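Colleague: Residues per chain, in single letters:
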Amino acid sequence: MATIVVHVMPKPEILDPQGKAVGAALPRLGFDQFAGVRQGKRFELIVDGEVTDEVLAKAREAAETLLSNPVIEDVVSVAIEDN
Amino acid sequence: MTARIGIVTFPGTLDDRDAARAVRLAGADAVSLFHAEPDLKNVDAIVLPGGFSYGDYLRAGALSRFSPIMEKIVDAARGGMPVLGICNGFQVLTEVHLLPGSMIKNEHLHFICRDQTLRVENADTDWTREYEAGQDIIVPLKNQDGQYVADEHTLDELEAEGRVAFRYVGWNPNGSRRDIAGVTNQRGNVVGLMPHPEHAVEHGFGPDSIEDGHAGTDGLAFFTSAISSLLATA
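If you read the sequences in order, they're chains C and Y. For the record, in the first sequence the residue sitting at position 25 is 25 according to this note's numbering, with numbers rising by one throughout. Position in the second sequence (first residue = 1) + 1000 = this note's numbering.
Careful, some of the hints might be misleading.
Here are the simulated SDA-like cross-link-like pairs (lysine to any residue), alpha carbons at most 25 Å apart as the crow flies [said to hold, decoys possible]:
id, chain 1, residue 1, chain 2, residue 2
1, Y, Lys1142, C, Val71
2, Y, Lys1072, C, Leu66
3, C, Lys41, Y, Gly1175
4, C, Lys41, Y, Phe1066
5, C, Lys41, Y, Tyr1057
6, C, Lys11, Y, Gln1144
7, C, Lys41, Y, Leu1058
8, C, Lys11, Y, Pro1100
9, C, Lys11, Y, Thr1154
10, C, Lys11, Y, Gly1175
11, C, Lys11, Y, His1097
12, C, Lys41, Y, Asp1151
13, C, Lys20, Y, Ile1112
14, Y, Lys1072, Y, Leu1231
15, C, Lys11, Y, His1108
16, C, Lys41, Y, Gln1144
17, C, Lys11, Y, Gly1101
18, C, Lys41, Y, His1097
19, Y, Lys1142, C, Ile14
20, C, Lys20, Y, Asn1172
21, C, Lys20, Y, His1110
22, Y, Lys1072, Y, Leu1230
23, C, Lys41, Y, Asn1106
24, C, Lys20, Y, Leu1109
Label-pair distances were calculated between CB atoms; the ranges are [to be verified]:
id, chain 1, residue 1, chain 2, residue 2, range
25, C, Glu61, Y, Phe1034, 25 to 33 Å
26, Y, Gly1134, C, Glu81, 51 to 59 Å
27, Y, Pro1038, C, Asp82, 37 to 45 Å
28, Y, Arg1187, C, Arg60, 27 to 35 Å
29, Y, Ser1209, C, Ala35, 44 to 52 Å
30, Y, Arg1017, C, Leu56, 44 to 52 Å
31, Y, Gln1144, C, Glu81, 29 to 37 Å
32, Y, Gln1144, C, Arg38, 16 to 24 Å
33, C, Glu61, Y, Ala1215, 48 to 56 Å
34, C, Val22, Y, Glu1152, 21 to 29 Å
From the derived model, a few chain Y residues whose C-beta atoms are all more than 10 Å from chain C [to be verified]:
id, residue
35, Met1001
36, Pro1038
37, Phe1052
38, Ala1076
39, Gly1080
40, Cys1113
Hints are computed from structural coordinates only; laboratory data are not their basis. Model, not experiment: these values are computed from the prediction. We treat Cβ as the ideally placed atom computed from N, Cα and C, and that holds for glycine.
Can you build the whole structure from these sequences, using the hints too?
Modeller: So this is what it looks like as structure tokens:
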């Protein structure tokens, strides 16, 4: 079994209301070292067997078509996770 | 001939019954369509109603977009069939790229439910031709992911082509770019908006008006507009 990890983030120019809310909560708990927060998504695609170039290409395609919406999000990375 | 308007039910759709009732009150036959059956049952127009299809998992509308019926709807819309997306239905229409832009979480993060004033900016679409351009209407609004966003180039293009169909008036309830409440495609047959016209179609059940409680029926003309559009092209 192998895992392909996909990271999706809101586009920099798109306001991230959830990240903003988390960022506002941090100082209330004493975490005042952080100037801002942006919140994204991590997907783990489980592969039964070996991750070939073809499988990785399919993962990239899935990331662009379903896992993210290009109008508001960027696919930041699609990578095989080392076990 | 009575117009047949299809109402699509996805898993998690909430407002299909209200949309069907609005269609009947407007004078058309309401035809139930199911997401898993790629059959449009010879309808003349389609409403994608509001709700939380697939629990809004992944992104609002993102999973419904791949329902078996959607391919048929996209083909029909490209062929000129009137298609209206309300709230979650609007989100589905953006996810399937029939309409530009997308909706993200409300700027203030709260779910919001209120009677909302809208300006009909474009009264030349299949779903708005019985309004006057510039007319203000009041219909309910209820959503959490209602903030309309698109890049500046797209927004400029929408403005230049008159494709901003509705704008929030008085107060922008969710931080939508340029107060946009709804948009249309170039041809004017595909329209989407976050507020709910189908909840303002019958005296006694609509938004409050100055004269009377729950008297507002400003949403009914969406559905009578679709019927007159169909008659005009028949």
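Colleague: Give a verdict on every hint.
Modeller: Hint by hint, here is what the structure shows:
Only pairs whose Cα atoms come within 25 Å are accepted, and lysine 1142 of chain Y paired with valine 71 of chain C is accepted, the gap being roughly 23 Å. At most 25 Å may separate the alpha-carbon atoms for a hinted pair to count; lysine 1072 of chain Y and leucine 66 of chain C meet this at roughly 19 Å. For the proposed pair lysine 41 of chain C and glycine 1175 of chain Y, the alpha carbon gap of about 23 Å is at most 25 Å, so the pair holds. Between lysine 41 of chain C and phenylalanine 1066 of chain Y the alpha-carbon distance is near 21 Å, which keeps this suggested pair within the 25 Å criterion.
For the proposed pair lysine 41 of chain C and tyrosine 1057 of chain Y, the alpha carbon gap of about 12 Å is at most 25 Å, so the pair holds. For the hint linking lysine 11 of chain C to glutamine 1144 of chain Y, the alpha-carbon distance of about 20 Å falls within 25 Å, and the restraint holds. Proximity of lysine 41 of chain C to leucine 1058 of chain Y is assessed by CA-CA distance (about 9 Å); at most 25 Å being required, the pair is judged to hold. Under the criterion of a C-alpha separation no larger than 25 Å, the hint pairing lysine 11 of chain C with proline 1100 of chain Y is consistent with the structure, at around 16 Å.
A distance of roughly 15 Å separates the Cα atoms of lysine 11 of chain C and threonine 1154 of chain Y; the hinted pair therefore holds under the 25 Å criterion. Distance restraint check for lysine 11 of chain C and glycine 1175 of chain Y: the Cα-Cα separation of roughly 17 Å lies within the 25 Å cut-off, and the hinted pair is therefore satisfied. With a C-alpha separation of about 18 Å, the suggested pair lysine 11 of chain C and histidine 1097 of chain Y falls inside the 25 Å cut-off, and the hint holds. The suggested pairing of lysine 41 of chain C with aspartate 1151 of chain Y holds, with an alpha-carbon distance near 21 Å, which does not exceed 25 Å.
Between lysine 20 of chain C and isoleucine 1112 of chain Y, the direct Cα distance comes to roughly 19 Å. Compliance with the 25 Å bound is thereby established for this hinted pair. A distance of roughly 22 Å separates the Cα atoms of lysine 1072 of chain Y and leucine 1231 of chain Y; the hinted pair therefore holds under the 25 Å criterion. Between lysine 11 of chain C and histidine 1108 of chain Y the CA atoms are separated by roughly 19 Å; this keeps the pair inside 25 Å, and the hint holds. With a CA separation close to 19 Å, the supplied pair lysine 41 of chain C and glutamine 1144 of chain Y stays within the 25 Å bound.
Restraint check for lysine 11 of chain C and glycine 1101 of chain Y: the C-alpha separation of about 13 Å stays at or below 25 Å, so the hint holds. Our distance criterion of 25 Å between C-alpha atoms is met by lysine 41 of chain C and histidine 1097 of chain Y, whose separation comes to about 22 Å. Of the supplied pair hints, the one linking lysine 1142 of chain Y and isoleucine 14 of chain C holds, its CA atoms being roughly 22 Å apart against a limit of 25 Å. Restraint check for lysine 20 of chain C and asparagine 1172 of chain Y: the C-alpha separation of about 19 Å stays at or below 25 Å, so the hint holds.
This hinted pair checks out: lysine 20 of chain C and histidine 1110 of chain Y have alpha carbons roughly 13 Å apart, not beyond 25 Å. The straight-line distance between the Cα atoms of lysine 1072 of chain Y and leucine 1230 of chain Y is roughly 19 Å, inside the 25 Å bound, and the hint therefore holds. Simply put, lysine 41 of chain C and asparagine 1106 of chain Y have alpha-carbon atoms about 18 Å apart, close enough for the 25 Å limit, and the pair holds. Taking the CA atoms of lysine 20 of chain C and leucine 1109 of chain Y, the gap is near 10 Å; set against the 25 Å cutoff, the hint holds.
Taking the beta carbon of each, glutamate 61 of chain C and phenylalanine 1034 of chain Y are about 29 Å apart, inside 25 to 33 Å as hinted. At roughly 56 Å, the beta carbons of glycine 1134 of chain Y and glutamate 81 of chain C sit within the given window of 51 to 59 Å. The hinted window of 37 to 45 Å between proline 1038 of chain Y and aspartate 82 of chain C holds, with their beta carbons roughly 42 Å apart. A beta carbon spacing of about 33 Å between arginine 1187 of chain Y and arginine 60 of chain C agrees with the range 27 to 35 Å that was offered as a hint.
Roughly 48 Å separates the CB atoms of serine 1209 of chain Y and alanine 35 of chain C, a value that falls within the hinted 44 to 52 Å. Look at arginine 1017 of chain Y against leucine 56 of chain C: about 46 Å separates their beta carbons, and that is inside 44 to 52 Å. Separation of glutamine 1144 of chain Y from glutamate 81 of chain C is about 32 Å and conforms to the stated range, judged on CB atoms against 29 to 37 Å. A C-beta distance of roughly 20 Å is found between glutamine 1144 of chain Y and arginine 38 of chain C, which places it inside the suggested range of 16 to 24 Å.
Checked against the given bound of 48 to 56 Å, the beta carbons of glutamate 61 of chain C and alanine 1215 of chain Y, roughly 52 Å apart, stay inside it. Roughly 27 Å separates the CB atoms of valine 22 of chain C and glutamate 1152 of chain Y, a value that falls within the hinted 21 to 29 Å. Methionine 1001 of chain Y, annotated as away from the interface, keeps every beta carbon of chain C farther than 10 Å; the closest lies near 39 Å. At roughly 19 Å from the closest C-beta of chain C, the C-beta of proline 1038 of chain Y stays outside 10 Å, upholding its exclusion from the interface.
Every Cβ of chain C is farther than 10 Å from the Cβ of phenylalanine 1052 of chain Y; the closest lies at roughly 17 Å, confirming the non-interface assignment. Consistency note on alanine 1076 of chain Y: stated as away from chain C, and its beta-carbon is indeed over 10 Å from all of that chain's, at 22 Å minimum. For glycine 1080 of chain Y, the shortest C-beta to C-beta distance to chain C comes to about 25 Å, beyond the 10 Å cut-off, and the non-interface label holds. Every CB of chain C lies more than 10 Å from the CB of cysteine 1113 of chain Y, the least distance being 18 Å, so the non-interface label holds.
Comparing the model with each numbered hint stated earlier shows that all of them hold.
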